[in-house]
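Student: Let chain S serve as the given structure and place chain C on it in line with the hints.
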Amino acid sequence: MDAAELAEFRSTLRHLLDTAPLSSTVAALVDSGWTEVYDQGPGEALAVLFQLKGEMLAAASLYELVAAPLVGRDPLQCRIVFPATAKAAPGEFDGYATGSLSGDLDLLIIDDWHGRGSARVVSLAAARLDARPVNGLDAEAGVMRVSGSYQAGDGLLLGDEAAVVLVDVLRLALAHELIGQTGHMLRLAIEHVTVREQFGRPLGSFQAVRHRLADVAVLAAGAASVAAAITPGTGLDHNGGNVAPRVALIAAAVAADAARRNCLQVCGAIGFTWEFALHRYIRRSLVLDALSGSRQAVAAGLGESLMNAAQVPRIGGVQT
Amino acid sequence: MSTSSSSALVEEFRAWLRAHAAELAAFTRRVPVEIEKQVEHERVLQRMLWDAGWLRRGWPESSGGSGGSALDRGTLYDALWQAGYLVPESMAAVEVIGPAVVTYAPDLARTLLPAYLRGDEIWCQGFSEPGSGSDLASLRTRIEDRGGSLRITGQKIWASHGSFSDRCLLLGRSGSPDSGHHGLSMILVDLDQSGVETRPIRAASGRNEFAEIFFDDAEVSRDRLLGQLGDGWGIAMSLLQWERGMYAWQRQAFLHARLEETLREARVPVDAASVGYVYASLCALRLKCRGTLRALAAGEAPGPDISIDKLLLSAAEQSVLDLAAAALGTDFVSGDDEFSAEIRDEWFYSRATSIYGGAAEIQRNIVADRVLRLPKEPSVGRR
Numbered sequence: 001m002d003a004a005e006l007a008e009f010r011s012t013l014r015h016l017l018d019t020a021p022l023s024s025t026v027a028a029l030v031d032s033g034w035t036e037v038y039d040q041g042p043g044e045a046l047a048v049l050f051q052l053k054g055e056m057l058a059a060a061s062l063y064e065l066v067a068a069p070l071v072g073r074d075p076l077q078c079r080i081v082f083p084a085t086a087k088a089a090p091g092e093f094d095g096y097a098t099g100s101l102s103g104d105l106d107l108l109i110i111d112d113w114h115g116r117g118s119a120r121v122v123s124l125a126a127a128r129l130d131a132r133p134v135n136g137l138d139a140e141a142g143v144m145r146v147s148g149s150y151q152a153g154d155g156l157l158l159g160d161e162a163a164v165v166l167v168d169v170l171r172l173a174l175a176h177e178l179i180g181q182t183g184h185m186l187r188l189a190i191e192h193v194t195v196r197e198q199f200g201r202p203l204g205s206f207q208a209v210r211h212r213l214a215d216v217a218v219l220a221a222g223a224a225s226v227a228a229a230i231t232p233g234t235g236l237d238h239n240g241g242n243v244a245p246r247v248a249l250i251a252a253a254v255a256a257d258a259a260r261r262n263c264l265q266v267c268g269a270i271g272f273t274w275e276f277a278l279h280r281y282i283r284r285s286l287v288l289d290a291l292s293g294s295r296q297a298v299a300a301g302l303g304e305s306l307m308n309a310a311q312v313p314r315i316g317g318v319q320t
Numbered sequence: 321m322s323t324s325s326s327s328a329l330v331e332e333f334r335a336w337l338r339a340h341a342a343e344l345a346a347f348t349r350r351v352p353v354e355i356e357k358q359v360e361h362e363r364v365l366q367r368m369l370w371d372a373g374w375l376r377r378g379w380p381e382s383s384g385g386s387g388g389s390a391l392d393r394g395t396l397y398d399a400l401w402q403a404g405y406l407v408p409e410s411m412a413a414v415e416v417i418g419p420a421v422v423t424y425a426p427d428l429a430r431t432l433l434p435a436y437l438r439g440d441e442i443w444c445q446g447f448s449e450p451g452s453g454s455d456l457a458s459l460r461t462r463i464e465d466r467g468g469s470l471r472i473t474g475q476k477i478w479a480s481h482g483s484f485s486d487r488c489l490l491l492g493r494s495g496s497p498d499s500g501h502h503g504l505s506m507i508l509v510d511l512d513q514s515g516v517e518t519r520p521i522r523a524a525s526g527r528n529e530f531a532e533i534f535f536d537d538a539e540v541s542r543d544r545l546l547g548q549l550g551d552g553w554g555i556a557m558s559l560l561q562w563e564r565g566m567y568a569w570q571r572q573a574f575l576h577a578r579l580e581e582t583l584r585e586a587r588v589p590v591d592a593a594s595v596g597y598v599y600a601s602l603c604a605l606r607l608k609c610r611g612t613l614r615a616l617a618a619g620e621a622p623g624p625d626i627s628i629d630k631l632l633l634s635a636a637e638q639s640v641l642d643l644a645a646a647a648l649g650t651d652f653v654s655g656d657d658e659f660s661a662e663i664r665d666e667w668f669y670s671r672a673t674s675i676y677g678g679a680a681e682i683q684r685n686i687v688a689d690r691v692l693r694l695p696k697e698p699s700v701g702r703r
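For the record, the sequence lines run as chains S and C. Counting from 1, position 113 in the first sequence corresponds to residue 113 in the working numbering; the numbering is continuous, with no gaps. Here the working numbering runs 320 ahead of the position in the second sequence, where the first position is 1.
Do not take every clue at face value.
Stated by the list, open to error - One-sided and incomplete, this derived list gives chain C residues near chain S with beta-carbon spacing under 10 Å:
1) T348
2) Y599
3) R614
Everything labelled a hint here was simulated from the structure, so no lab data went into it. We put the beta carbon where it would ideally sit given N, CA and C, even for glycine.
One chain only, chain S, in its complex shape (with noise of 0.2 Å):
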């Protein structure tokens, strides 16, 4: 796309995150020929795609749109459980999905976030399922809580290769959603201190606000190159391939930590206040943390294996 189609393509899809209902919003945008777009190119669209959702805190789940194709699904009848333990036992899940459980859908269920990958297919008919709406941290995120059991026949196994696929598209989809908050967090941080003035300056005038707001943008723009970087669907064979949407989700994560922080204390009390948006990002942000099973937990277990392999890969060469 070249940089006229992709602020078209943009303004499509924010007037569409704008405007579609939840439960709509992917078939809307297959309608609109997203296919066509991410076959040209996926990166790009992945990440125009999820940078918005998180820049405008869209809710719609959207991570089927992307996940479900590569592994052979129809985005509109499956919905993606991320875990919310480490490991559940043998026949049994625990996690967040992030639309409605209804109608004749199948559950792709995560069950390893931090190794390599591994997921399985479950018809919501044949899972015994509780799924109850969160209000937690975040009620406006849609997120469910799903926990249940299913029996030993009825969960069909991902193959590896489609496993590491499904899951390395999840890890980027959500470093790109991450890395669209932490923007808009410091789009609001920068608006503020720009505006608020004391001592007769504007705060962002003094050295220790803009320090911290620097800091919030080397970050987020490492974070942007690692994702910019991936190509999803690509699987193993490639150089980095597991390791790079790790990295991109790390990255991002550690990203908006520094977004949430230093954009709070240098909004003032202002950003303590429900009024001011701030605080629906911080939110929002710290469930997509959750979603992607914590950034502390995805970091030791990109170092454990970097460690056991006693390498470390060299993520893209400056060639190729």
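Tutor: For chain C alone, coordinates are given in the frame of chain S:
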């Protein structure tokens, strides 16, 4: 994203490395002795790589190179570290000084640069002064126009490798004392000529990393100028882009190798999450400065965003060396073996990454001003 091993250049280079493993064995790790001896030792490798044609890649034929993209150089540095060898430390300065000479002084690039590129000579940068560090545009070393020649008087400091360099790329003031960044010029000065004296400075690591250089009415021919009198600031800014780009790329290649060795040689258990975070910061550096390098090689100016690369570099370098130090356990303090000594040197050097080439605080100011467009700080004392 595709694999770097798909590149034919890398395959060819790796085959050559395998075929010459015996001669190259002396260069699998740094020799932790005085820096003068280290540089002498590494020059042998530089010359070997030059003679085999590898270090000619990506430099123009008029400077003794074999042409091609500057990205070839980045590919080779990366592959050398990945294969378990070091990249000669003086190649860092080559990548900062070389491109500026090629662009702004084609005659010098033809006559003098080849000896530098192949490792026959060591050059250094003479930018900082006792009174001008982060505030570079305040520098006072005089470049006086005496018609046929130029005369240089003043003092430079923190010149890396300065005490054993053959030449110095000097930024000095040819305009009036209050001419700010408009009155600066850049010139290549021989350090063995009369009117020039160097004195090593022992760094916190214990090594003579840098030097003071004194100029007392030193006469230099006009044909040693880069660009014209008064072009110095613009050239310095272009040169700093290469420092951010290719230097940062070299460092990330080294840091990947250092992290890998840390995982293999850890003497106490290492915290897995710390490894994950450190590696993530290193990947962020690599992929951010890859974009910068590609822009530079395509002749595009990366703009103020390049300060982000510099900050990512100092954060990544310090975090990798902190991890390497932690993985040594008590040996970081009390180990008298070569590996512990090497890590201590590198750990100390990593502290300087947030200081040299524009301190981290200055880089944050630039990001705040020119990337985030925050309200300016009060202008007192700032140019």
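Student: Please go over all the hints and tell whether each is borne out by the structure.
Tutor: Now for the hints, and whether the structure bears them out:
| no. | hint | in the structure |
| --- | --- | --- |
| 1 | T348 | violated (16 Å) |
| 2 | Y599 | holds (6 Å) |
| 3 | R614 | holds (7 Å) |
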